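Here is how the chains run, residue by residue.
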Amino acid sequence: MDIYVVLKLIWAGLLCVLLIGLGLMVGMDMGVGTLLRFVGRTDGERRTALNIIGPHWDGNQVWFILGGGAIFAAFPTLYATSFSVFYVVMILLLFSMILRPVAFEYRSKVDARLWRASWDWVFLVSGFLPMFVYGAAFGNILQGVGYHFNWTGQYFQDGSFLAYLLNPFAILCGLMAVCLSVMQGGVMLMIRSENPIHDRARRYASRAGLAAVALFLAGGVWIRGMPGFVLEQGNPAMPANPMQGQQVSVQVGAWLHNYAAHPVLWLLPVLGVVSMLAGVMLVLANRSHVAWWMGLGSWVGTIGTVAAAMFPFFMPSTTRPDQSLTIWNSSASQYGLTCMLAVALIFVPLILCYTSWCYYVMRGKVHTADIIKDTHSY
Amino acid sequence: MDLINPTVVDLSRFQFALTALYHFMFVPLTLGLTFMLAAMETVYVVTGKQVYKDMTLFWGKLFGINFALGVATGLTMEFEFGTNWSMYSRFFGDMFGTPLAIEGLMAFFMESTFVGLMFFGWDRLSKPAHLAITYLVALGSNLSALWILVANASMNMPNGAHFDPETLRMTFDSFVGVVFNPDAQAKFVHTSVAGYVAASLFVMGISAFYLLRQQHREFAARSFRMAALFGIFSTVAVITLGDVLGRLDYEHQPTKIAAIEGLWHTSKPPYEPWIIAALPNDEKQESSFEIGVPFVLTPLITHSFNTPITGMIELEDAAAPRIASGITAVSALRRYEENHQAADLEEFRAHQNDMGYGLLATRHAPGQDVTAIAPEQLQSVIEQTKPDILPNVFVTFWSFRLMVFLGVFFFVLFAMASYLSLKNQLERNPLFLKLCMWSIPLPVLATEFGWITAEAGRQPWTVFDRLPTFMSASTHSVSYMLFSLAGFTVLYSIFIAVELYLMFKFARLGPEAHGPHEDADPAHLSVVAH
Numbered sequence: 001m002d003i004y005v006v007l008k009l010i011w012a013g014l015l016c017v018l019l020i021g022l023g024l025m026v027g028m029d030m031g032v033g034t035l036l037r038f039v040g041r042t043d044g045e046r047r048t049a050l051n052i053i054g055p056h057w058d059g060n061q062v063w064f065i066l067g068g069g070a071i072f073a074a075f076p077t078l079y080a081t082s083f084s085v086f087y088v089v090m091i092l093l094l095f096s097m098i099l100r101p102v103a104f105e106y107r108s109k110v111d112a113r114l115w116r117a118s119w120d121w122v123f124l125v126s127g128f129l130p131m132f133v134y135g136a137a138f139g140n141i142l143q144g145v146g147y148h149f150n151w152t153g154q155y156f157q158d159g160s161f162l163a164y165l166l167n168p169f170a171i172l173c174g175l176m177a178v179c180l181s182v183m184q185g186g187v188m189l190m191i192r193s194e195n196p197i198h199d200r201a202r203r204y205a206s207r208a209g210l211a212a213v214a215l216f217l218a219g220g221v222w223i224r225g226m227p228g229f230v231l232e233q234g235n236p237a238m239p240a241n242p243m244q245g246q247q248v249s250v251q252v253g254a255w256l257h258n259y260a261a262h263p264v265l266w267l268l269p270v271l272g273v274v275s276m277l278a279g280v281m282l283v284l285a286n287r288s289h290v291a292w293w294m295g296l297g298s299w300v301g302t303i304g305t306v307a308a309a310m311f312p313f314f315m316p317s318t319t320r321p322d323q324s325l326t327i328w329n330s331s332a333s334q335y336g337l338t339c340m341l342a343v344a345l346i347f348v349p350l351i352l353c354y355t356s357w358c359y360y361v362m363r364g365k366v367h368t369a370d371i372i373k374d375t376h377s378y
Numbered sequence: 379m380d381l382i383n384p385t386v387v388d389l390s391r392f393q394f395a396l397t398a399l400y401h402f403m404f405v406p407l408t409l410g411l412t413f414m415l416a417a418m419e420t421v422y423v424v425t426g427k428q429v430y431k432d433m434t435l436f437w438g439k440l441f442g443i444n445f446a447l448g449v450a451t452g453l454t455m456e457f458e459f460g461t462n463w464s465m466y467s468r469f470f471g472d473m474f475g476t477p478l479a480i481e482g483l484m485a486f487f488m489e490s491t492f493v494g495l496m497f498f499g500w501d502r503l504s505k506p507a508h509l510a511i512t513y514l515v516a517l518g519s520n521l522s523a524l525w526i527l528v529a530n531a532s533m534n535m536p537n538g539a540h541f542d543p544e545t546l547r548m549t550f551d552s553f554v555g556v557v558f559n560p561d562a563q564a565k566f567v568h569t570s571v572a573g574y575v576a577a578s579l580f581v582m583g584i585s586a587f588y589l590l591r592q593q594h595r596e597f598a599a600r601s602f603r604m605a606a607l608f609g610i611f612s613t614v615a616v617i618t619l620g621d622v623l624g625r626l627d628y629e630h631q632p633t634k635i636a637a638i639e640g641l642w643h644t645s646k647p648p649y650e651p652w653i654i655a656a657l658p659n660d661e662k663q664e665s666s667f668e669i670g671v672p673f674v675l676t677p678l679i680t681h682s683f684n685t686p687i688t689g690m691i692e693l694e695d696a697a698a699p700r701i702a703s704g705i706t707a708v709s710a711l712r713r714y715e716e717n718h719q720a721a722d723l724e725e726f727r728a729h730q731n732d733m734g735y736g737l738l739a740t741r742h743a744p745g746q747d748v749t750a751i752a753p754e755q756l757q758s759v760i761e762q763t764k765p766d767i768l769p770n771v772f773v774t775f776w777s778f779r780l781m782v783f784l785g786v787f788f789f790v791l792f793a794m795a796s797y798l799s800l801k802n803q804l805e806r807n808p809l810f811l812k813l814c815m816w817s818i819p820l821p822v823l824a825t826e827f828g829w830i831t832a833e834a835g836r837q838p839w840t841v842f843d844r845l846p847t848f849m850s851a852s853t854h855s856v857s858y859m860l861f862s863l864a865g866f867t868v869l870y871s872i873f874i875a876v877e878l879y880l881m882f883k884f885a886r887l888g889p890e891a892h893g894p895h896e897d898a899d900p901a902h903l904s905v906v907a908h
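Chains as they are written, first to last, in the working numbering: chain L, 1 to 378; chain F, 379 to 908.
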């Protein structure tokens, strides 16, 4: 196989890994933010919940930043087009994302009820909204997006943002992502908290897990009857130029073609459902450490299912299907992908090492009594 | 060639400038304070004196308030290339995305992961281990600045990439060319050291406040001295590297340096004065009320006594053939995209280095299509395009001057501060202490003027000589832009109000108010130490 094609595939795979990391790690913090007002009734309890992810949220958030950076470097055309086409949604996502670091740092610095209650609402919104948008974006790209390019490579939008926000399938996908994040956040709270936070978190985590399974299955049924996209012609080694070189057709149920051609892919949705169900049972059995790893399985299964269905599409165009963005036509150059791969091979293992070490240093239960005494914590 | 609505381009530029300038209110302090914290903690670990741990904890708390906003507003920057500069990101992303992604992998991950341990790990790590973490945070934040400035330098001096007609974008071809871009190296040191100046004055100013009030005197005096010495070295470095940058602009961005110096006509060495103040008029292309110091400009910019510096009018004239050649390049490229004829590709290749100037002519072409320019119209299109190669001279000229005047002021201030601090005469000079206190925001102002000089001076390009700004934006509607601008304005106003409130609150409370004073207990200290 052409080396350029191999590089494109590796980077598409790495992008999946980043999206999974983002869903898992950022999703966990978002889940804690969403649950904050529900698992914590008193100020001390809420501060306990915040301090459980306190030492880690900033590092976790980098998964999100790195997701953006990696799309920019490895698939610049995808970055340039998708961020602009989803403008209003992206800006809303951005607003809620920038509220979060501020909320962490500022909430507990002033001892006034209204002040802290306001920031607790900020945690709720900035936990729920980004995960919802994250999931809804997957829903939108599965349905296709209205855009086209002119000869210089400038994109033009052919649809309204309302269609991307208020669209039943996208809402389903958005809620699914929120459920997975609430489950993961709840599990993390169980690992590092005591009662009463522990038991409340357990209740929310198990319910969110069951809801996630239901939404995932419903989405699967929906996709069977949905128009999908088929790459009729397009050389994987083509120069990365979305303006020409592809022929794409639209067919109902086409997103299941890859599964029909390679039945082994069914393992991915199965992994997702089994992990979610096992996660729920482990949560109920108070085995929260193992349940955390089931969260990883859930995200691998979910994102893997979407990726397997859409391959090699990233963001199909409904108005000019031939200009759909695929792995083949939106990537960086061979040189760029090679450089980035070398950098990633050096730094990703390093990042995984020191992130794990930080969790190891900060391991153990967080006690509400200690938090109330310590004014330096969140 | 469906041009983007100019209002949308202006609003996109306004939003980017607003969010970038805002982000850059917090970054310099982060860059400098991390190193100052590391220095304070080093002294603590080496000497074991409690006052240095108090210093680290207290300034660390103020650092944290500032850091959160730096991180939050940095997210905006990462998104904005995609959300508002789609054409730019597609055209230049193959190269430009790489330093940004490396920044995330190498620097930002390290900084963000360890900053949690820096705040929360005091009781869980040994003294040297915690010190190492603090250094890693400092290293991370400064490496982060390195990669961002590598990316920024490539916009000003696009090294390591060439235009590829098959993909219609700049193709990345040399990692070394990008990383060792001379502009990047000089910019990194200039900018990060400017951050050290900001942090020094921040620590010095707040310490001056305590000295004025006779509070926390030992703490404040030690903090003041450390900051003053850190500040004087940093200021010297900022000025030196600023000089290097000026010389690089002279070599690679002649329009920028001419605009910075308000030089409408080619200089006449050696007499040519350095203009201290003037009122440049962009419409008439001349300046009024010029006040200058003779004989200074030539050696300042060229480091020689007899090299002339090309003026803006002469640069416009020199651009005329490039505009003509660029129009040929764009026309050939368009034909090639449609028919893929080797002859068109060959013609494009012969003119490709001027393609950017052809794109620049789009605005003045009939129907905004350079391929439709008739031979008899060519001369008038070129004449109309010529002035477009210049940045806004008034803005570039004055932002540079304000930055330089502030830099000179800092040099004097830190020199006096170091002298008075070493002579232990600070408390006898309350007026000087007040001056230090009121100067806290000035370095941030100076760095903002620096950004404006560099980026306003880069206009009319996003990628210098390659891609005009008016083509780079996303094709949004005006209402989309108003929506996002309104949101940023509201959020950022709330943030700055909260940040200032907390900064003042904790600065007034002073070091003693820092946390439950477990540190006063010697038994506890020994636990931490072993």
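Quick caveat, the hints were computed from the structure, so don't treat them as lab data.
Fair warning: this is a prediction, and the values are worked out from it, not measured in the lab.
Please note: incorrect hints may appear among the correct ones.
[To be verified] Examples of chain F residues lying across from chain L (beta carbon under 8 Å, computed):
hint : residue
1    : Ala446
2    : Ala450
3    : Glu456
4    : Arg468
5    : Gly471
6    : Ser490
7    : His540
8    : Phe611
9    : Val614
10   : Trp642
11   : Glu724
We treat Cβ as the ideally placed atom computed from N, Cα and C, and that holds for glycine.
Right, here's what the structure says about each hint:
1. A least Cβ separation of about 3 Å between F:Ala446 and chain L falls short of the 8 Å threshold, and the interface hint therefore holds.
2. Annotation: F:Ala450 was flagged as interfacial toward chain L, and the flag holds, the nearest CB pair being 4 Å apart, inside 8 Å.
3. The restraint placing F:Glu456 at the interface with chain L holds, with a minimum CB-CB distance near 5 Å, inside the 8 Å limit.
4. Evaluation of the F:Arg468 hint against chain L yields a held restraint, the C-beta minimum of about 4 Å falling below 8 Å.
5. Given the 8 Å rule on beta carbons, the hint for F:Gly471 holds: about 3 Å separates it from the nearest Cβ of chain L.
6. A hinted interface residue such as F:Ser490 counts as satisfied when its beta carbon comes closer than 8 Å to some beta carbon of chain L; here the least separation is about 4 Å, so the hint holds.
7. Restraint check, F:His540 versus chain L: the minimum CB separation of about 10 Å is more than 8 Å; hint violated.
8. Below 8 Å, beta-carbon pairs count as interface contacts, and F:Phe611 has none with chain L, the closest being about 30 Å; its hint is therefore violated.
9. A cut of 8 Å between beta carbons decides the hint on F:Val614: the least distance to chain L is about 34 Å, and the hint is violated.
10. At about 34 Å, the closest approach between the beta carbon of F:Trp642 and any beta carbon in chain L exceeds 8 Å, and the interface hint on this residue is violated.
11. Using the Cβ-Cβ criterion of 8 Å, the hint placing F:Glu724 at the interface with chain L is not satisfied: the shortest such distance is roughly 18 Å.
Going through the hint list in order, the structure does not satisfy hints 7, 8, 9, 10, 11.
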